[in-house]
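J.: Given next are the chains, with one letter for each unit.
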Amino acid sequence: MSTTTSRVAETLGEVATDGALRAERGLSGLVGEEIKIHVPQIRVGTNVDACDAVGGPDVIVFGAYLGITGDITGHVMLLFPQQRALECVDLMCGQPAGTSTEPDEFASSAIGELANIVGSAFVNALADRAGLILHPSPPTVVNDMAIALVESVYAAILAQGGEVVMIDTVFSDEKGTTAGLLIVAPDADAFAKIAELAA
Amino acid sequence: MTTASTTARRTSVGIGQIAVSKDTSEVLVAYGLGSCVGVSAYDPVAHICGLAHILLPESNNSASATREPAWYAAAGITNLLRELTALGAIPGRLVVKLAGGAAVLGEANASKFRIGERNAEVIIELLRQRNIRPCATSLGGSKGRTVELHVVSGKTFVRTAASPATEL
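Just so you know, the sequences run in chain order B and L.
Every letter in the first sequence is one number past the one before it in the working numbering, and letter 166, counting from 1, is 166.
Every letter in the second sequence is one number past the one before it in the working numbering, and letter 70, counting from 1, is 70.
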């Protein structure tokens, strides 16, 4: 990893920790229970093990994609294993665990809201840290194989000559924990700006 | 027969990777192609198979063009044919099939990048320049696909999150 890349990863790590705190407040307020989010690992590059955090490349996941526009552009993708995503839907809607069993439109909508809170928290943390004006797009929620979603984000960013930063995230509530994966892909210009910030 | 035999050895062909084989116990697999395209090629005389997992239609950065053998379409097709030929395949005999090139991030995002669609267009043109015409394709749409190439039969199977494997 180059010095620039490692500095960018370090900065995004700090941003992710701040974003996680903001998302914790937002989610806990929404569901009326304490939800903890922590960020155990930051990785840079198109790692082949990208999907390990959500159960493997072939596993069906809920993915929520947000584009970032404004002073810099980028991409944010949040992935959840399907079963755990459905548990999150029940938690968010105040339903008994196990109520949601199908990846239907209602579940997609709830996951979109979850991604909106987590993704926007991260984007806002980045905007504040960097003194930039950034706008997250409304999330697009898809239910598909994990690697199909990951590689499509890779392709979108690598086509612009950028770098991929993956932030493993763990969501905990009183019933247990779930792994999520936040992929942040700043475009080449955005990467350079974040590198300046880190210098 | 729609799935691999349980005794087969499954070789994962990751993003930007190529695998070739004449080992009949092997199944070459490209998991979850989204906007990527899987190029499966089979020489039915020499019983040699190859699978490339192509990420992008073209490189806008020469330094990154060498990152992986099939990161970009042009290098991917060239390297796939070279590896197949090195193993004894004849390009004119190849049965080539394509799968992938989907817009899994939704139509609005796909129209911005058009990566899946352009991947398919560029790969078909690169093959045409080599007088190779794909005999079957499963391209476009909005669903990720897993592609399997069974060396024992030369058959290619495609499955999605919602549908079981079917022969292409």
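Since the hints were made in silico from the structure, they are not lab data.
Do not rely on the hints blindly, as some may be mistaken.
[To be verified] Here are a few chain B residues that face chain L, going by a calculated C-beta distance under 8 Å:
hint, residue
1, 60
2, 144
3, 145
4, 155
[As the list claims (entries may be wrong)] Covered by chain B, per the in silico footprint, the following chain L stretches (three or more residues, Cβ under 8 Å):
hint, region
5, 28-35
6, 139-145
Because the structure is a prediction, the values reported are computed rather than measured.
Glycine included, every Cβ here is placed at the ideal spot set by N, Cα and C.
J.: If you test the structure against every hint from before, which numbers come out violated?
T.: none
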